[in-house]
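Asks: Here's the letter readout for the chains.
There are 2 protein chains.
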Amino acid sequence: MRYSKLLIPTLREDPTEAEVISHRLMMRAGMIRKVSAGIYNFLPVGLRVLSKVAKIVREEMEHAGAQEILMPALQPAELWQETGRWQQYGKELMRLKDRHDRDFCLGPTHEEVITDLVRREVKSYRQLPINLYQIQTKFRDEIRPRFGLMRGREFVMKDAYSFDADLEGAKENYKKMYDAYHKIFSRLGLRFRAVEADTGLIGGSSSHEFMVLAQTGEEGIASCTKCDYAANVERAELKKGAGGRGPGAGEVKGLEKVQTPDKKTVEEVSAFLKATPPQLVKTLLFSADGRPLAVLVRGDHQVNEIKVRRLLGVSDLILADAGKVEAWTGGPSGFSGPVGLKNIEIIGDLSVEVMPESIVGANEKDAHYLHAVPGRDFKVDRFADLRNAVAGDACPRCGAPVSIDRGIEVGHVFMLGTKYSEAMKATFLDSKGEEQFFVMGCYGIGVSRIIAAAIEQNHDEKGIIWPMPIAPFAIHIIPVQDQSERVMITAELIYGSMIRAGIETIIEDRSERAGVKFNDADLLGVPYQVVLGEKNLHEGFVELKNRRTGEKQKVEVEKAIDHLIELVQGPRPQPAS
Amino acid sequence: MRYSKLLIPTLREDPTEAEVISHRLMMRAGMIRKVSAGIYNFLPVGLRVLSKVAKIVREEMEHAGAQEILMPALQPAELWQETGRWQQYGKELMRLKDRHDRDFCLGPTHEEVITDLVRREVKSYRQLPINLYQIQTKFRDEIRPRFGLMRGREFVMKDAYSFDADLEGAKENYKKMYDAYHKIFSRLGLRFRAVEADTGLIGGSSSHEFMVLAQTGEEGIASCTKCDYAANVERAELKKGAGGRGPGAGEVKGLEKVQTPDKKTVEEVSAFLKATPPQLVKTLLFSADGRPLAVLVRGDHQVNEIKVRRLLGVSDLILADAGKVEAWTGGPSGFSGPVGLKNIEIIGDLSVEVMPESIVGANEKDAHYLHAVPGRDFKVDRFADLRNAVAGDACPRCGAPVSIDRGIEVGHVFMLGTKYSEAMKATFLDSKGEEQFFVMGCYGIGVSRIIAAAIEQNHDEKGIIWPMPIAPFAIHIIPVQDQSERVMITAELIYGSMIRAGIETIIEDRSERAGVKFNDADLLGVPYQVVLGEKNLHEGFVELKNRRTGEKQKVEVEKAIDHLIELVQGPRPQPAS
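First to last, the sequence lines map onto chains A and B.
Per this note's numbering, the very first residue in the first sequence carries number 1; after that it's consecutive.
Per this note's numbering, the very first residue in the second sequence carries number 1; after that it's consecutive.
Do not rely on the hints blindly, as some may be mistaken.
Some chain B residues judged to face chain A by a derived CB distance under 10 Å, without partners named [to be verified]:
#, residue
1, Gly30
2, Ile39
3, Met71
4, Arg85
5, Gln87
6, Asp98
7, Leu106
8, Val122
9, Ile130
10, Asp141
These are calculated hints, taken from the structure and not from any lab test.
In this text, a Cβ means the ideal position worked out from N, Cα and C, and glycines have one as well.
Using the sequences provided together with the hints, build the complete structure.
Replies: Here's what the structure looks like:
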């Protein structure tokens, strides 16, 4: 394609509304433009990348035996009422009425529509298993749409739904999708990890999230350094001793109160007492469904409120304000501790249970206790896994230490079981002629979100660095002096040869200063740049720049075309000699 | 693909809700299923055809220099308020509110969004011309959605929008699109005609509709049998004498009243008087913005109310009821005529003007006049083109007779001028640095509707007959005795070879009776069926059936593969000898 014939409105400056790198770079590279909050136009370069992602997803879904269909965005309320989600879904579901005042929604997902289709068209176990997918526009009225394509209100998803005669079959389909997702994200050229998203109501792991690894990711991922275990830090199950016993051992002295004037945070207290955070125990006070609750975690750990809620079966868990802390402990906040607490349920993380001794707040201003020992100096009603995983925790599967990465969720495979088929009375006849509910799975990929995630993972201060499989073009030809006949003829020659070889190539044919051309090229992030300048050409060379490594290489003009083709398509088969 | 692995829920019976052939056949062939009125699931076979249509459209748009983008379905009300269409569009526009109570609509078209994009991103004449298109889901809340994909509420369109610096450029873009549409519909394998949809506010023809020809089409099309003129019968311009002078000439006798007891219709009167309909003049009485109006057309012609309205500049044109006819003419309806009419404006079609004499109603029960002559026996205030074209009318361009076809509108090219750019203040700077409004064109293709139109044009009593370019598969392999090892091995051999040759092939691998297999194959309409039966194989043959012609041919087994490849892909290039 010719640069001048494409709408690529690059921006010099970061747009003020863009908070994250991928959003900034997609705006700056002229890939997308906002229509309304969370709603975007894909411009030509953005759509090229979207199409490439969709193509790879489609190929691997077909390869895994899924059949492509296309369901509508408009969904009648009746179907959602059957599963109860019309009421449950809340404001994220965009609703509207048609001219006859009938209720519809814009699908954020298609479990109801697909289950309705399958219950009408699939009658016998002989027609099973079946896996139907689509690549389609979805709608979700996010309360705070942001980060460009990362969290939009209208976005492109691949969603697949499998239907099986029994759980065993459903697990096979799940495994197929799990494997297909590995192939998809590998082929997209992304570093990613599949993490356990939830563990087994049905037995075994019934849900995995696929995360693209990026420093800027919203999610923390704990991955075993030895086995293939990986989980969201908030969901990783931690066993007793996972975080080690902490420092200190041998003979434990008696409880000792020390002054810690104005030292409130873990860092301040441990520095002041010449200790380390893992020697402290933090005491956090919550109102749990209205009742006072103290949660103890090691100084270097973070309380995981989801785990606390699940343990106690409470729905409202609110951190206590200063007034409540004072009323419940008798001391100001910042100095809370478990010693002497009364009429408060105290729960502790497993890592606290194994600490020989610890430093804790004394429930009075400017005071802490040293050598506090659970059981001896304070009681704990229950010990349980109550915290997020951190680097070095023991893998719950093999015991090796885990490392922590950050990631962006781009895919999710989920075992639905019979949740939807029971709600919608979707049955088939088994081999004995008896009615059975379909056992279902659902499998999503955020097709448009992948673009943002890919950029979060692949960029530098100059712009995007596309992985080849999803790059809008493979080669960017940049004639520096566009007034020079020699430069332009050579550029066009190379361009023509690339097009004939089927290599997606963009040629910079604008009359712009060299600096503008180079900046836009780095911003666009095409993997290889071919720079043609008078001087180099005079010496018989073109310059080949690898956008990722920044490496520049002089290639003889007459060898340039073969070299580029080999670079993109791999070595040509040699004729038999 | 294997038949057993695809969801193709064929139906033996016509579904009761389907009124037209294409809807019936798409339901019966398991291509689509209804979700709600005018809203459908595309099942695997339906989606395959949709994708093929979209691919051809996309290739020709790219070839014509248009750039693909993707705009959102959700559009903010503010943009539609700028053009006034938020108010004008009425109930066909599906509207909704987001969680913050802001108004949105689901786009039935994208003039507002694209004009907003271009006014923000295109600043200079140097960036022009530009043509942006998308293939995307559209929404229109039809009052009576029907005919399956023909008139749905959610459907797939290709819409393109061109922006030019001046009218001359806009005309060039229009011409490019007009030519591209010819290529698209030719490549789709459809018989079609481009018809003038409206004539020149801007000069020249500024709108063309592309019609797929089919007996069942809703629109009538008049096409010249000599030149390339074609127009909707309602819009075709007819010149004086276009319909000939009608029979009768020489000396004209004086007005003569005759009895025509109970003969009211043209057919009844002409049969009774041993005349032909072209010898009669029909007198139709209307209330035109409340005032009485008589319109005269030849007995074999139909009044075109659009032309009448346009001539008189009236908005309300209502056929008079029996009471009004009696009051205005003094006679019962069925016997109206122009002779003796008072206080009524009388207009006549051009073909009436050239009739030497005619038979007309006498404005009294059971009576007509013979030998009525305009001017002599009755007055006509104005003669003008007031009727639909019929077969044999003279082409307004070259004078040769026109023929009449029926068609289904599948594409529309339209010169918008500055309607939207003025309303939305969308300007660029011209070469003199002055602000100018963009001159726009818009170009639509009903991608999903094309499928229905293709079926209306290509079917027989057994099912669909796909044109090869949009067929879901090129070849349908049907092993008759699926218990026979010889039959199945040969079928699989041919299937494997087709797949390796890149030919889209479906193999019938279900355990069904031969009759079921043959019926489903004819219903699905794949262009070539390869039938493998024990008897033929024993004799060394397979049977090749052409779905369109029904022709069956015996092909030697060992030549079958080469023959099929050549049939689909054309002859192989011969190696140089």
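Asks: Against chain A, run the beta carbon of aspartate 98 of chain B and see if the smallest gap drops under 10 Å.
Replies: holds (5 Å)
Asks: Hey, does the aspartate 141 of chain B contact hint survive, CB to chain A under 10 Å?
Replies: holds (5 Å)
Asks: Hold the hint about isoleucine 130 of chain B up to the distance rule: shortest CB distance to chain A must be less than 10 Å.
Replies: Given a least distance of 6 Å, the restraint on isoleucine 130 of chain B holds.
Asks: Have a go at the glycine 30 of chain B hint: is there a Cβ in chain A nearer than 10 Å to its own Cβ?
Replies: holds (8 Å)
Asks: Could you check if leucine 106 of chain B really has its C-beta closer than 10 Å to a C-beta on chain A?
Replies: holds (8 Å)
Asks: Does the interface hint hold: is arginine 85 of chain B within less than 10 Å of chain A, judged Cβ to Cβ?
Replies: violated (16 Å)
Asks: Hint valine 122 of chain B vs chain A: min CB-CB distance below 10 Å?
Replies: For valine 122 of chain B, the interface hint holds, since the closest Cβ of chain A sits about 8 Å away, which is under 10 Å.
Asks: How about methionine 71 of chain B: closest beta carbon in chain A under 10 Å, or not?
Replies: holds (5 Å)
Asks: Would the hint on isoleucine 39 of chain B stand, with a C-beta cut-off of 10 Å toward chain A?
Replies: holds (5 Å)
Asks: Under 10 Å, Cβ to Cβ, is where glutamine 87 of chain B needs to be relative to chain A, so tell me if that hint holds or is violated.
Replies: Cβ of glutamine 87 of chain B sits 16 Å from chain A, so the hint is violated.
Comparing the model with each earlier hint shows violations of hints 4 and 5; every other hint is respected.
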